[in-house]
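Engineer: Work out the full structure, taking the sequences as your base and the hints as a guide.
Here are the chains, one letter per residue:
There are 2 protein chains.
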Amino acid sequence: MRVVVPFDAGDPKTRLAPVLGAEERIAFAQAMRDDVCDSVLEAGGRPVLLSTEPIEHECPVRVDERALGTAVDAAVADTLEQAEACGVVMADCALASAEVIRRLGVGTEDAADAAITLVPARGGGTNALVIRDSRFETDFHGVSISDHRNAARSMGVSLREFDSYRLGTDVDVPGDLPEVLLHGRGRAVEWLADRFTLTTNDGRVTVERQ
Amino acid sequence: MRVVVPFDAGDPKTRLAPVLGAEERIAFAQAMRDDVCDSVLEAGGRPVLLSTEPIEHECPVRVDERALGTAVDAAVADTLEQAEACGVVMADCALASAEVIRRLGVGTEDAADAAITLVPARGGGTNALVIRDSRFETDFHGVSISDHRNAARSMGVSLREFDSYRLGTDVDVPGDLPEVLLHGRGRAVEWLADRFTLTTNDGRVTVERQ
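Protein sequence lines, in the order shown, are assigned to chains B and P. Mapping of the first sequence onto this note's numbering: residues 1 to 210, in sequence order. Mapping of the second sequence onto this note's numbering: residues 211 to 420, in sequence order.
To be clear, the hints were calculated from the coordinates, so they are not data collected in a lab. Predicted model, so just to flag it, every value in this text is computed and none were measured. Just so you know, not all the hints are guaranteed correct.
Facing chain P, according to a computed beta carbon distance under 10 Å, are these residues of chain B, among others [as the list claims (entries may be wrong)]:
| id | residue |
| --- | --- |
| 1 | R103 |
| 2 | P120 |
| 3 | Y165 |
To spell it out: a stretch of chain B is covered by chain P in this simulated footprint if at least three of its residues, at any positions, have a beta carbon under 8 Å from a beta carbon of chain P; those stretches are [claimed, not checked]:
| id | segment |
| --- | --- |
| 4 | 142-148 |
| 5 | 179-185 |
| 6 | 193-206 |
Built from N, CA and C at the ideal position, the CB exists for glycine as well.
Structural biologist: The structure is reproduced here in structure tokens:
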């Protein structure tokens with residue numbers, strides 16, 4: 001299955017600015033993105049980077065500078081002209097593993113599966129989808145999981161919600177970084193562990209620069 | 211499978227005090243606990259409430275006022291005298307569903323499964339376990355997921371990590387309440403939706419009293 005991996009190549013992960021400089025944010029975002037691509041490949045899927053700007057990468061790159069939802073819908077529609085299903089996994093799903101991507105259905109082409117599969121993210125987001133109906137339109141603003149549920153219901157198609165801590169965790173704010181140190185497996189945790197350590201503060205786990 | 215559900219019957223959910231009064235915290239904690247018990251029952255498991263104080267409940271209640279880890283270990287050890295496996299699911303796993311409890315292995319008695327199954331929670335916690343070796347000792351303080359991993363490794367037994375957004379989400383702080391409104395299915399979401407609505411603030415989802 002082709003899996004679209006949207007990536008902001010310009011000024012990524014701005015909400016990490018309190019703890020990471022601009023160049024660090026780019027390097028860390030690239031590490032997370034490459035971990036996602038590796039997991040998709042290992043699961044038997046074919047990652048396509050959907051980038052806001054031209055980039056060099058060993059995976060195929062599709063450049064689209066339009067709004068995220070518009071760009072994703074176009075990439076999905078092109079895929080569905082030749083395939084039963086198209087996956088979408090956000091590039092900041094730093095805990096993604098081949099195992100969970102496989103469990104999502106990537107690597108198999110099971111047409112009996114739901115028309116729309118949604119992977120909820122903390123805070124009402126949607127971190128990943130499998131789309132089998134090109135009429136479905138994504139929208140990643142606001143409480144996207146509710147919007148996506150409503151869109152599937154109003155189309156009257158089958159909807160599945162996929163339950164995963166790994167795929168449900170994206171990395172947006174400094175409070176997300178402990179998750180990478182605790183559960184990451186690839187380049188992102190390696191990059192982060194070179195610079196930060198876990199610490200507990202008032203019973204809550206946080207990260208501290210070395 | 212017997213599933214121990216630890217519950218603080220005294221002053222539960224103190225970190226929700228900024229948004230819920232003391233009586234509200236008790237009512238909400240009970241609603242979450244009863245949702246967990248319902249999900250375990252529906253999955254074919256047998257919930258046992260492990261309470262810090264005597265309480266009335268339709269499920270069996272075991273009272274133990276010792277520290278959480280000590281009380282859990284004693285309940286698990288007693289269970290493993292008569293069974294292959296014992297589950298533990300925290301009472302504030304408000305998104306637990308019968309489906310995910312079943313996927314965890316409750317309702318089946320698959321002795322081929324790992325000696326220790328851990329369900330990571332956000333922030334380094336452990337929200338649920340399946341224990342098949344009574345030598346394993348739990349400890350829910352600090353970064354418990356790391357401590358539990360190390361304990362299993364030092365015993366040299368098989369370790370499985372269970373990937374679930376539903377079981378990985380517990381409800382400790384006001385920032386967790388949107389998750390209940392977005393994904394809850396039972397009494398807890400009903401109780402909460404009578405008092406709070408979802409709202410977005412600066413692009414982040416939060417709750418607001420009606």
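Engineer: Decide, hint by hint, whether the structure agrees.
Structural biologist: Results of checking the hints against the structure:
no., hint, result
1, R103, "holds, 8 Å"
2, P120, "holds, 6 Å"
3, Y165, "holds, 4 Å"
4, 142-148, "holds (count 4)"
5, 179-185, "holds (count 3)"
6, 193-206, "holds (count 5)"
Comparing the model with each numbered hint stated earlier shows that all of them hold.
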